[in-house]
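Peer 1: Here are the chains, one letter per residue:
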Amino acid sequence: MRRSTILWFLIATCLGVALFLVKHEVQQREEQLASLHRDILASQEAIHVLEAEWSYLNRPDRLEALVRRHLNLVPLDTRRLGSVEMLPMRLTLSDIGDIPVDPVDALTPILAELPPLPVGRPVAFTREVRR
Amino acid sequence: MRTRTETVRLEGHAKQAIETGRNRLILAGCLMALAFTAIGGRVIELSVLRDHNEPDLATVAPGARLAVGRADIVDRNGMLVATSLRTPSLYADPHEVLDAEDAAFRLSTVLTQINPAETAAKLASDKRFIWLKRNLTPREQQAVNSLGIPGLHFQDEWKRIYPQGALTAHVVGFTDVDDQGIAGVERSFDDVLRGGREPLRLAIDLRIQHVVREEVARQVAQFEGIGGTGMMLDVDTGETVALVSLPDFDPNVPGQMDPDALFNRATLGVYEMGSTFKIFNTAMALDTGTATMRSGYDATHPIRIARFTINDDHAKARWLSVPEIFKYSSNIGSVKMALDVGTERQRAFMAKLGMLGETAIELPERGRPMVPSPWRPINTMTIAFGHGLAVSPLHLVSGVAAVVNGGIRHPATLLRADMPAPGTRIISEQTSHDMRRLMRLVVEEGTGRKAQTDGYVVGGKTGTAEKVSAHGGYRRKALMSSFVAAFPMQAPRYVVLVMVDEPKGQKESHGYATGGWVAAPAVSRIIARSAPLLGVAPADPESPEIRRDLMIELPAEGGKRLASF
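Taken in order, these protein sequences are the chains called A and B.
Residues 1 to 131 (our numbering) are what the first sequence spells out, left to right.
Residues 1 to 565 (our numbering) are what the second sequence spells out, left to right.
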């Protein structure tokens with residue numbers, strides 16, 4: 001009788017302690033969750049602001065001015081656009097034997113007709129550029 | 001423990017009482033046992049058998065998503081054109097302010113827009129709440145904080161920001177200080193934007209919008225015009241890829257806008273379009289069958305009716321075939337074509353094209369066409385060359401899109417359409433093909449030669465209309481010069497319009513301010529710059545397939561037939 005009483009008492013104490021620990025853990029996790037939510041919201045708002053800034057910095061007129069100032073790009077020339085069908089058939093080794101002229105030489109007059117490619121200029125970091 | 005068993009016998013009343021007590025105890029014990037069994041059963045049911053009302057996982061507390069005051073607006077590629085940012089607004093509780101004059105003076109050193117005298121009066125008043133400045137920048141907020149004036153407080157507010165500034169001013173519109181849309185898409189989709197979280201996706205492509213705006217602005221500046229408009233429409237869906245009206249404004253600074261800059265010339269302004277209407281006139285004559293590509297009209301003499309004389313600008317004074325009437329933009333020939341069709345059928349055709357009602361564009365700024373009432377034969381004659389019926393430039397563009405795309409009219413829309421709305425047929429496939437050939441002819445050898453673009457097959461029509469003056473009658477010097485084009489002409493995908501309001505003739509244009517000189521070069525540059533962005537493959541106009549597709553036979557001056565391309 002006394003032994004079983006002690007046993008039950010022990011079980012009840014253990015359960016009480018366990019319940020307290022679980023409850024404490026849950027509380028801690030809930031606080032953690034709330035703080036994570038706050039962080040997520042803050043990050044989302046920061047992303048939102050950055051998106052607006054990204055769009056502002058990507059204004060086409062600004063990009064155009066920057067490209068003019070820093071890069072050597074020109075508008076796309078339609079003569080530089082083509083499709084795969086426009087390519088000549090690939091030469092096999094036996095074909096090359098029959099052709100008297102160098103295929104590169106044959107291309108030269110075609111290439112000469114195209115407007116000159118923009119020449120890359122060395123990038124110089126002046127104070128103005130850095131600013 | 002050892003117990004001595006002893007039997008006690010009770011008799012009479014005592015036994016009776018004990019029996020009753022025992023029975024009652026058993027009854028109470030049974031009830032208690034029943035209650036515990038029920039609780040135990042419920043515990044087993046909840047934990048072992050699992051009640052289905054219990055979720056497997058704890059639900060996340062709501063509020064992990066940013067609640068923005070108003071949904072964003074993005075272009076067709078997802079670039080932001082309007083968004084809401086949280087900004088602090090400064091207010092004061094005058095009761096807490098110790099020295100109103102000193103506070104007002106110190107504030108005015110930090111916030112430039114604040115008038116010290118006015119603010120001092122406000123701070124000395126008897127109210128409990130006054131706004132000092134709405135929507136401060138973070139730097140201004142820091143400066144106000146470091147002043148350390150008691151009685152000043154901040155409240156976060158949502159402010160509408162337009163990162164693209166003036167570029168999409170007329171399309172997107174703007175909101176008032178209380179975040180209510182009062183112009184453009186902001187107003188027409190006010191409810192959707194206020195309740196929604198998903199961004200509103202427009203059909204506008206910012207890159208194309210920029211190209212169109214820059215080219216129209218260049219023509220307006222070069223020809224000293226008072227304004228202009230430019231548009232690009234997808235012919236198969238009716239989506240407006242670009243919509244520009246100049247002059248425009250910066251929607252980020254409301255309250256300082258010039259009423260002229262706020263006026264949307266592209267959708268709200270209605271104008272007599274001039275010769276670009278001959279596209280509709282010719283399509284109507286060909287589709288009703290009163291004229292064919294081979295028939296012709298006598299354009300030798302001007303037409304005199306009542307007190308008007310209808311003359312040709314590029315007079316040939318001879319018999320002209322239908323393609324020639326279109327190519328030389330002959331008013332006389334067009335009038336005769338329209339008279340053959342008749343007043344009633346012309347009116348019905350214009351109604352079918354949507355020229356008699358407002359456009360379907362999702363903007364509050366929609367112009368109502370000025371339709372002649374009653375529609376007399378004289379109106380039939382003037383409408384043939386684009387006078388007497390005033391429509392908005394958007395009417396013209398969506399009409400031309402329907403004429404060239406195979407004859408199907410799609411209502412113009414500002415929203416990106418995943419599934420194009422079904423259109424209504426207005427002219428036959430064959431008429432549409434004939435019109436494409438005629439429009440190509442104008443660019444190849446007619447009034448629109450300046451619209452030719454390397455690598456793309458462009459077709460179009462010039463228009464130069466005199467504006468109606470406020471006192472009635474036409475002003476010879478005030479023109480509306482326009483060019484409407486479609487490309488690529490062998491299978492049109494986009495329609496482009498450029499229109500300049502009141503251009504003045506320049507030395508470079510030999511004093512001309514006509515559509516061919518003013519608007520056509522801009523159209524050519526717009527197409528050259530935007531076609532690679534839109535994924536339109538270049539084609540050689542001289543290639544045999546395209547020549548055969550767009551060829552027109554013209555009678556030569558001597559009467560002999562010559563092939564012309």
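It is worth saying that the hints were derived from the structure and are not from the lab.
In this text, a Cβ means the ideal position worked out from N, Cα and C, and glycines have one as well.
You may find that some hints are simply not true.
[Stated by the list, open to error] Ranges of calculated distance between the beta carbons of each label pair, as one might list FRET restraints: (1) 49(A) <-> 125(B): 48 to 58 Å; (2) 54(A) <-> 429(B): 42 to 52 Å; (3) 30(A) <-> 38(B): 40 to 50 Å; (4) 54(A) <-> 311(B): 55 to 65 Å; (5) 218(B) <-> 54(A): 44 to 54 Å; (6) 257(B) <-> 37(A): 57 to 67 Å.
[Said to hold, decoys possible] Which chain B residues stay away from chain A? Per the calculated CB distances, all over 10 Å, these: (7) 163; (8) 510; (9) 529.
[Claimed, not checked] Stretch by stretch, here's where chain B covers chain A in the computed footprint (C-beta under 8 Å, at least three residues): (10) 11–17; (11) 56–66; (12) 79–89.
Peer 1: It remains to establish, for every hint, whether it holds in the given structure.
Peer 2: Structure-based check of all given hints:
Between residue 49(A) and residue 125(B) the beta carbons are some 35 Å apart, a value that contradicts the proposed interval 48 to 58 Å. Between residue 54(A) and residue 429(B) the beta carbon distance is about 46 Å. The supplied range of 42 to 52 Å therefore holds. Take residue 30(A) and residue 38(B): their Cβ atoms lie about 32 Å apart, and the range 40 to 50 Å is violated. A hinted range of 55 to 65 Å for the beta carbons of residue 54(A) and residue 311(B) is consistent with their spacing of about 57 Å.
Checked against the hint of 44 to 54 Å, the C-beta distance between residue 218(B) and residue 54(A) comes to roughly 28 Å, which is inconsistent with it. A C-beta distance of roughly 41 Å is found between residue 257(B) and residue 37(A), which places it outside the suggested range of 57 to 67 Å. Its closest Cβ contact with chain A, about 4 Å, brings residue 163(B) to no more than 10 Å, contrary to its assignment away from the interface. Chain A leaves residue 510(B) outside its interface by the beta-carbon criterion, the shortest separation being 28 Å against a cut-off of 10 Å.
At roughly 6 Å from the closest C-beta of chain A, the C-beta of residue 529(B) falls inside 10 Å, breaking its exclusion from the interface. For the segment 11–17 of chain A, the stated coverage by chain B is not satisfied: 0 residues place a CB nearer than 8 Å to a CB of that chain, which falls below the threshold of 3. Requiring three or more residues with a Cβ within less than 8 Å of a Cβ of chain B, the coverage given for the segment 56–66 of chain A holds, as 6 such residues are present. For the segment 79–89 of chain A, the stated coverage by chain B holds: 3 residues have a C-beta nearer than 8 Å to a C-beta of that chain, and at least 3 were required.
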